[in-house]
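Asks: With the sequences and hints as input, model every part of the structure.
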Amino acid sequence: MTVTPFQRRVYEAVSRIPKGKVATYGGVAAFIKCGSPRAVGQALRINPYAPKVPCHRVIAASLKLGGFQGETRGGAIARKERLLAGEGVRFESGRLSDPRRLFSYQGG
DNA sequence: AGTCGCCACGAAG
DNA sequence: CTTCGTGGCGACT
Numbered sequence: 001m002t003v004t005p006f007q008r009r010v011y012e013a014v015s016r017i018p019k020g021k022v023a024t025y026g027g028v029a030a031f032i033k034c035g036s037p038r039a040v041g042q043a044l045r046i047n048p049y050a051p052k053v054p055c056h057r058v059i060a061a062s063l064k065l066g067g068f069q070g071e072t073r074g075g076a077i078a079r080k081e082r083l084l085a086g087e088g089v090r091f092e093s094g095r096l097s098d099p100r101r102l103f104s105y106q107g108g
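Read left to right, the first sequence gives residues 1 to 108 (our numbering).
No wet-lab data here; the hints were simulated from the structure.
Take the hints with a grain of salt, since some may be wrong.
DEER-style ranges, computed between Cβ atoms [unchecked claim]:
| no. | residue 1 | residue 2 | range |
| --- | --- | --- | --- |
| 1 | Arg95 | Thr2 | 34 to 42 Å |
| 2 | Phe6 | Gly86 | 26 to 34 Å |
| 3 | Gln106 | Thr72 | 27 to 35 Å |
Restricting the straight-line Cα-Cα distance to at most 25 Å, the calculated cross-link-like pairs of lysine to any residue (SDA-like) are [stated by the list, open to error]:
| no. | residue 1 | residue 2 |
| --- | --- | --- |
| 4 | Lys52 | Ala76 |
| 5 | Lys21 | Gln42 |
| 6 | Lys52 | Arg16 |
| 7 | Lys19 | Gly107 |
| 8 | Lys21 | Tyr49 |
| 9 | Lys33 | Ser62 |
| 10 | Lys21 | Ala60 |
| 11 | Lys33 | Ser104 |
| 12 | Lys64 | Arg90 |
| 13 | Lys21 | Arg9 |
| 14 | Lys19 | Lys52 |
| 15 | Lys64 | Gly94 |
| 16 | Lys21 | Gly75 |
| 17 | Lys64 | Cys34 |
| 18 | Lys52 | Tyr11 |
| 19 | Lys52 | Glu71 |
| 20 | Lys19 | Ser93 |
| 21 | Lys52 | Glu81 |
We treat Cβ as the ideally placed atom computed from N, Cα and C, and that holds for glycine.
Replies: Structure below.
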């Protein structure tokens, strides 16, 4: 498998998200100084470190679930929601119930 | 090396 | 809702 330096940055940033909180694609992008949140999603989509990198803790800026395991809808999203529920992050109608669960990065 | 099309997004209209 | 901007990457030439 080939992991680009950009991807490493993404995975490192995502690994910082504490259990019980979630970050947005845009938030991660900003932290790693990437102008395109979409590129972050692309990196997470091919996440080779499935268990190590908690990609399920990354949602869209609209507070919707975004994608999971390469899917934007379907069973994968349902599993993502259940996974987060197990960490205390609840969703309602596919949207984050409590925005206070959002994680924001500190420094560089 | 240059080009093209695809993305788990986001902001604006 | 639709449209446009954006950065990164695989596939093709």
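Asks: Holds or violated: are the alpha carbons of Lys52 and Glu81 at most 25 Å from each other?
Replies: Roughly 18 Å separates the two Cα atoms, so the pair holds.
Asks: Sort out whether Ala76 lies within 25 Å of Lys52, counting only the CA atoms.
Replies: Roughly 18 Å separates the two Cα atoms, so the pair holds.
Asks: Just tell me: holds or violated, for the beta carbon distance of Gln106 and Thr72 against 27 to 35 Å?
Replies: Given about 30 Å between the Cβ atoms, the range holds.
Asks: With a cut-off of 25 Å on the C-alpha distance, tell me whether Lys52 and Tyr11 pass.
Replies: Answer holds: Lys52 to Tyr11 is near 9 Å, not above 25 Å.
Asks: Within a Cα-Cα threshold of 25 Å, do Lys19 and Ser93 meet the stated pairing?
Replies: Given pair Lys19, Ser93 holds - Cα atoms ~22 Å apart, limit 25 Å.
Asks: Does Lys64 pair with Arg90 here, judged by a C-alpha cut-off of 25 Å?
Replies: This hinted pair holds, its Cα atoms lying about 11 Å apart.
Asks: Below or equal to 25 Å on CA atoms is what counts here, so check Lys33 against Ser104.
Replies: Cα-Cα ~14 Å, so holds.
Asks: Can the restraint linking Lys21 and Ala60 be considered satisfied, given a maximum Cα separation of 25 Å?
Replies: 13 Å, holds
Asks: Between Lys64 and Cys34, is the straight-line Cα distance small enough, at 25 Å or below?
Replies: 21 Å, holds
Asks: Is the Cα-Cα distance between Lys21 and Arg9 25 Å or less?
Replies: Measuring from Cα to Cα gives roughly 20 Å; hence the hint holds.
Asks: If you draw a straight line from the CA of Lys52 to the CA of Arg16, is it 25 Å or shorter?
Replies: 11 Å, holds
Asks: Holds or violated: Lys19 with Gly107, Cα cutoff 25 Å?
Replies: 19 Å, holds
Violation of the numbered hints given earlier is absent; every hint is satisfied by the structure.
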